[in-house]
Structures are given as structure tokens and as C-alpha cells.
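*Asks:* Sequence:
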Amino acid sequence: MTESVLRELANRFLACVPASEAMQCLEGIPTHALTQELQKRIMAATLEHPTAKRFPAASTYVKHYLKLLIDKLESREVEVLGDLYVCYTQLLGSVDSGPGFVTYVLDGHDMEVTVREAKALVADGTTGLRAWQASKFLAEWCLENRQVLSGKRVLELGSGVGLTGLVVCRACRPSRYTFTDGHRSVLRMVEENVATNRWPSMPDVKVETLRWGQQLEEDFLGTDVVLGADLVFDPDLIEPLAATLADLLRHGGTAYIASTIRNADTYYTFQTALGTAMLQWTVALPPHNRVFVYDRSCKMEILRITRASSTTT
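Those letters in the sequence shown? Residues 1 to 313, by UniProt numbering.
One or more hints might be untrue.
Listed below are the simulated PhoX-like cross-link pairs for lysine-lysine, each with C-alpha atoms no more than 25 angstroms apart in a straight line [as the list claims (entries may be wrong)]:
#, residue 1, residue 2
1, Lys40, Lys53
2, Lys40, Lys72
3, Lys67, Lys40
4, Lys63, Lys40
5, Lys63, Lys53
6, Lys67, Lys53
The set of hints was computed from the structure by calculation and includes no laboratory data.
All chains, please: the whole structure from these sequences, using the hints.
*Replies:* So, in C-alpha cells, the structure goes:
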């Protein structure tokens with residue numbers, strides 16, 4: 001039991017899951033088992049994890065994690081390991097270094113994907129510098145539907161930090177993957193995250209500017225699969241988004257667009273715009289396996305979109 005708890009705690013720490021949720025992993029451990037030796041193993045599994053050393057999380061996150069860990073141990077009235085106090089004290093005097101690394105362990109796939117992302121909802125004038133819920137939802141779907149992406153030319157709209165695309169490149173073996181966004185800060189972060197995750201079997205990867213509603217470059221038109229997550233939030237961008245999807249699917253292909261449905265009217269407007277753009281859609285089956293830890297309180301959905309003349313299979 002202890003090994004599985006430590007593994008889950010490590011996964012949550014590396015993924016910078018809210019520290020209060022990371023602490024839930026320790027709920028089932030009886031007080032008498034929270035020995036100095038176990039606390040050393042907790043440190044080794046989190047703060048001293050090789051991945052955490054190579055790709056450190058934001059200091060604000062680590063500081064909060066340590067505070068909650070120490071508080072939990074003190075509330076159980078056990079002797080707290082001195083090294084935990086030392087680490088926490090050192091962090092109290094540190095200066096926040098900005099966006100840290102977040103590492104997602106693809107449990108059952110023996111793979112890791114590491115991205116640098118901002119924790120603020122809006123940073124540098126864009127919402128694209130962090131991984132949103134729908135990007136994780138879509139990544140989970142891709143892991144369960146690898147046959148849809150294997151050997152295909154894939155283009156992602158609004159790539160954000162690149163989490164979905166990196167998971168696809170890592171586990172689904174596309175022949176080509178194009179990350180796109182309209183914001184230069186986002187593209188710079190994607191480029192950095194792609195460089196961080198280079199591995200020998202990496203497919204052909206491109207990072208390109210694509211602004212919805214504008215004429216597409218010729219290279220974009222040779223796309224088999226279009227992916228996108230959390231794109232439907234601004235009513236003013238819905239028509240340009242639908243127009244771009246219509247252009248990308250003009251010669252065939254299929255789009256899979258994942259959305260967190262925060263506003264039903266906005267989502268309905270998007271569905272209506274798809275029909276106006278001569279596109280048809282069905283709701284794809286959701287993923288069954290939970291690979292990532294994230295807020296699932298809002299309804300999420302993936303639309304499978306094709307040209308209206310295509311036959312849905």
C-alpha cells in the first residue's frame with residue numbers, strides 16, 4: 001500500500017496538483033506509520049524526485065506543498081523530519097522564479113510529458129500559457145483512440161502550452177504534428193516545451209502561427225486530423241473558428257474539438273456556426289480512463305466534425 005501511495009503522491013506533486021489534493025494521498029496512512037523513515041521516503045518521492053530536480057516546479061507551489069505537509073504531520077502529533085523544516089525555511093526566503101515545470105506521468109504508458117506553464121488564468125495577455133481541463137480531457141481521449149492519430153498528419157488549433165500535442169506525439173505516433181496559435185507568447189512556450197520533450201521517435205513537429213478566419217497557408221490544408229481544446233469561450237471568435245475548421249476540412253479529414261461547457265448559449269452558438277459553415281458534428285464517446293488529476297465538475301464534451309457531405313462512421 002505504501003508504495004502505491006508514494007507513487008500517486010509523486011505523480012500529483014510532479015503535476016503540481018493543488019497541494020491540498022496531493023495531501024489526500026496520505027489520508028489512509030495511520031499515524032504510527034508516519035515515521036521519520038517514511039517521511040524521508042516522501043521527500044525522496046517528491047522534492048528529491050529526479051524529474052523534480054531536473055524540471056523544478058514553481059517555488060510558490062513547492063512552498064505551499066511543504067507547508068501543508070508539515071501542517072498535516074504536526075496535526076497528527078508526529079515528530080516532523082528536520083529536513084522538511086530546513087527545505088521550507090529555505091524556500092521562505094526565495095524569490096518566485098515565474099512559471100515552473102509541470103510533469104504529467106502517463107500512468108500505464110510508462111511515459112512522462114513535461115511542460116512549463118503559468119498558473120495564472122491570464123498571463124502576458126493570453127489564457128494560453130497554462131493547460132486547461134479540456135486539453136487533459138482531449139489528451140485522455142487521444143490515448144484511448146490512438147488508431148485515429150497513428151500515421152496521420154495532425155494539426156492542433158489553439159495549442160496552449162502544448163500538452164495535448166505532446167501526449168499525442170509521445171504515445172500516438174502521428175506522422176506529423178503542427179502546433180498552432182495566434183499569440184506569439186504561446187508559440188514561444190510551445191517551442192520551449194517541444195524542445196524539453198525531444199525523444200528519438202519524435203514525429204515531424206512544426207510550431208506555426210495560425211489566426212482563425214484568415215487565409216490558410218498551403219501546408220495547413222494537407223491535414224488528416226484537426227484537434228483543439230477549450231477553444232469555445234469568446235462569442236466573437238466563434239465564426240472565425242468555424243470558418244477555419246471549414247477550410248482545414250475542405251479536402252476531407254476530421255476534427256475533434258474538446259470543450260468545457262461553461263456557457264451553454266456560447267456552446268450552442270458554436271454548434272450552429274458549424275452548420276452554417278457546412279460542417280456536421282456528432283458527440284464522440286468520452287474517455288473511460290482518468291490519466292490526469294483535474295477539476296471535472298463542469299461538463300466536458302468532444303465534437304467529431306466533418307464536412308457536411310462526408311459520411312460519419
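*Asks:* So which hints don't hold here, by number, going up?
*Replies:* none
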